[in-house]
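For this one, chain A is given, so just place chains B and C on it according to the hints.
Protein chains in written order, with our numbering: chain A, 1 to 241; chain B, 1001 to 1343; chain C, 2001 to 2429.
If you're looking for bench data, these hints aren't it; they were derived computationally from the structure. There's no promise every hint is true.
[Claimed, not checked] Here are the computed lysine to aspartate or glutamate pairs in the EDC-like style, where the Cα-Cα straight-line distance is at most 16 Å:
1) K1200/B <-> D211/A
2) K1088/B <-> D2228/C
3) K1085/B <-> D2228/C
4) K3/A <-> E1078/B
5) K1240/B <-> D211/A
6) K2311/C <-> E2294/C
7) K1085/B <-> D2327/C
8) K3/A <-> D1174/B
9) K3/A <-> E1232/B
10) K2337/C <-> E2315/C
[To be verified] Among chain A residues calculated to face chain B with C-beta under 8 Å, some are:
11) Y4
12) I10
13) R108
14) S119
15) A151
16) P209
Note that the coordinates shown come from a computational prediction; the quantities given were computed from them, not determined experimentally. Each residue gets a CB set at the ideal place from its N, CA and C atoms; glycine is no exception.
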Amino acid sequence: MGKYDKVEGISKRTMVLFFIIDKSYSMSGSKIGAVNVAVREVIPEIQKIAEDSADANIKIAVLTFSSGAQWMYQSAIDAKDFQWNGINVDGTTDIGQAFKLLNEKLARNGGFMTDAAGSYAPAIFLMSDGQPTDEYKKALADLKNNNWFKASLKAAVAIGDDADKDMLAEFTGNLESVLIVHTPEALKKLIRFVSVTASKIGSKSSNAPIDGEVQTKQSDFNQQIVDFNDTLIDSQYDDWN
Amino acid sequence: MELIPLKTNGGVKLKYFKGDNISVIGSSHIKTNTVCQDYSGHFCSNEYGIIVVCDGHGGEKHFRSDEGSKIATNVAIEAINEFMKFEKNFSRKKESLLLQLEKNIILNWNNAVNQHNGNFPFTEEELNKLSDNNSKAVENDIEVAYGSTLIAAVLTNKYCFGIQIGDGDCAVLDKNGVISNHVPSDTRLQFNITTSLCDKAAVQNFRHFWLDEPQVALAVSTDGVRNSFSNETYYFDFCKTIFESYLELPAEEAKNDLKEFLQRLTTDGSGDDVSISIIYNSQAIEDVLKSIEGNATNSNDNELNKIPIELYKENKPEQCGDAAIMEDENGKSNVDDPERNNG
Amino acid sequence: MEEFKHGQKIKLTNGGELTVVSKLGEGGQGIVYKVKYNDKEYALKWYFPKLIKNPNKFYNNLSKNATMGSPAKEFLWPLAVTDIQNSSFGYIMKIRTAEYKNFAHFLNAVVRFKSTNAVIDATLNMVNAFQSLHRKGYSYQDLNDGNFFVNPDNGDILICDNDNVAPYGESLGVGGKSRYMAPEVVLGKTKPNLDTDLFSLAVVLFMLIYISHPLEGAKVAGCPCLTDEAEKKFYASEPVFVCDPKDSSNRPVRGIHNNVINLWPLFPQYLQNAFVRSFGDGINNISQRLMEAEWKKIFLRLKDDILPCPKCGEENFVSLAQNEIIDCCECKNKIIKPLLLSYRDFEIALAPTKNITEWHTEDGDYLKIVGTVVQNKSNPNLWGIRNISEKLWLVKFPNDDEKTVKQNEVMPILKDVTISFGTKKAIIN
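This is chain A alone, in the form it adopts within the complex (with noise of 0.2 Å):
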């Protein structure tokens, strides 16, 4: 055996998981507050998920955006390193600068998308209470025009009846995959399930032929989405206190 022990190199494929998530002013309070608290208290139960998988690592990219967007950090780190840093609050809704700082990291040269992360299409999980408040098409075009995009599992959520639903369905691509709540448990919840379903699905690997359904895993994930969004217990109204 001892001509192979000096093999390097060998890595699990990657999959990365994209929260981008709105920090502008209108999200003080229980909105923040719940979203800081689910995905703080998801992140290690998508590490369990990697553990069990076999054959999948997760890694973590978080963009926040208010007046302007940036980075939680410069790389997209595995889900068992990975330490939630609180969001705060400030400024308006520049989604279109997420959208064009999201376009620069799905790649490989200077993005997130290094080999090993290329093998599993990314899971894009969006998140936002209002209206853009910067031009954002152009920025949400070039996105659609990026492959990585293109092939990533999508979802988003409105928090609140002031988002802008259209906006969010424009990014998902259609309706089914944008869901909205009223109440910081129901956004808790539903930020628990995105993350565990879009990392089951996205990490499981199954050569499909060109010829077949391509879209099978958006629409499985838009499935159990739906099927999860008629069994959460929401109110009908925006009660964020």
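Chains B and C alone, transformed into the frame defined by chain A:
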């Protein structure tokens, strides 16, 4: 670089070309109780060597893809052996030659798959496991249930070529010791989408290459191997290590070492089935690897000392040229081959 | 051979002079340059010396062709020949513009026709090209996938590499590639002529429509390597049509010939019959090969037959209707068979976007539209035909009422109405 066959005192020749193939079930397949869907094979003669690996698709609809990959391997080796008989026509455009070979393989695979299905029609049990849509799809298009990728490559002492449909890799070791992949890439192949022998437009999804210069060794592997390495350089280094191992150790030992390593590779890496098939020019490879590594071992002696004497007898063409040597995941060969120590 | 440099001057036999601008490309026979002549840009094809078998004969034929002029707009024809220089020569032609795509790209699925209408226009253009060539007394000698170009949007074609076109009976020694050349030429029995061109025409037409070769199916795929002998067998001495009703040994193969498999059933019987004849009896029996006029009739009939699906827009054929219903080949919508404008020679499906042309009304130009089906703006289920020609139409209703329809006027589409276009009287039914 002249490629001279080895000679012993008795004046008999060792084969120019040596090869091996191995498929190991993926660690994730073991966990989910799925069969190994990879298959591999190789063939050597004095004139050329053929290597093949095939990867059956996961997914509900492709419930006989393990059979499909086995059929693909056998079909490819048979077709290429027929193809090589036309060597004097190889001055034609290589593009047309390979395209015709690919068509021939698609046809033969279709026929073999349909014949299998004729002898063993889909059972109720198999069809009940599928959704209504998938069940209908498969009954109209039985090839889909057997779908598989295919990579095949041939090495001679003047040229080499490779054909590929679907994911997987083909590595070529040249006389300067450099390893590279000459198969044109298909940008559609990412995120587990692959092209396949069961594609309706399969003939358009094949890619290929032809090198008119002597090469030293070739390796083909299914995507489970490459996906276990974080970049291509590590994968090529791994290929080099395999060639070195086969050069330095007797065939049986080299194979066992590789098999053990592949089990570790799938567990620590992709989790997928892993298959490798290699072919090398037994004289040339020694020179090349020695010159890079500065390896002072006289591997000629090792080989001569460790392989039993009867193998030196000149084999009749039919004996070497016959059935391909196949390997399943238990390491059992399906053909008795006097050249290999099956124990 | 040294390549020409920018600014280099080359003399033409007509006394004129070219200036070389840049190199455009290279082929097996020679190099193509962009040149300027009389302030306009052209392409110059310059042959590699010593590659031509009979250079004098070739040069003379080329010069004659240049003088005679192009037989039809579909031909990218030699306009002028150069003086002999450095043991070689060349000719200039128009530059081929980018909207024309090499037909080989259609076969590789890199390019696709935009619509069925474009396909049929391409076939009509090809028939016209051959007809014009023959009327001028030429025969085509070297048609193959690489030397004609098609505009996928509208079916315009451009036939290039016309260096080998020669008068009947004369041969420039080009054997002609098996795939397009008539069997009797491949087997050495005759030289290229009008009848052999009709075979090549049938092959090209089949390929334009089905993007696959009529003689390539399971039998050919069963061969791991095509030798000269194998090609002779499959394309000349023992050819079998892929859709031959009596011989199924060469059927199209799944995964290889999927275009034929998908498209063959989508076209009407009369087209299928034409190909069955061309590649059945037509292989050995020259009289069974369709002439250009016969092909033209078939394709004009196909044009009239086209019916866009009101739901998805996909083009279907009215003559495929069963019990007055057409199942849309794309969306499976059940389309009710529309009324047809019938005459002895034609039957036009009357649905929005359909046209009546001068060919229908007075055996004139099929490209000149004289009438078009329109929808009533307030009631879209009410259709009529607008006369967009300058000629007067006479319309007679079932109750014997008569009406004239002048330019821009519309007449209603109703059963048993007749329209007289000059001497021709067509009926709606």
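- Message: If you test the structure against every hint from before, which numbers come out violated?
- Response: 4, 5, 6, 7, 8, 9, 13
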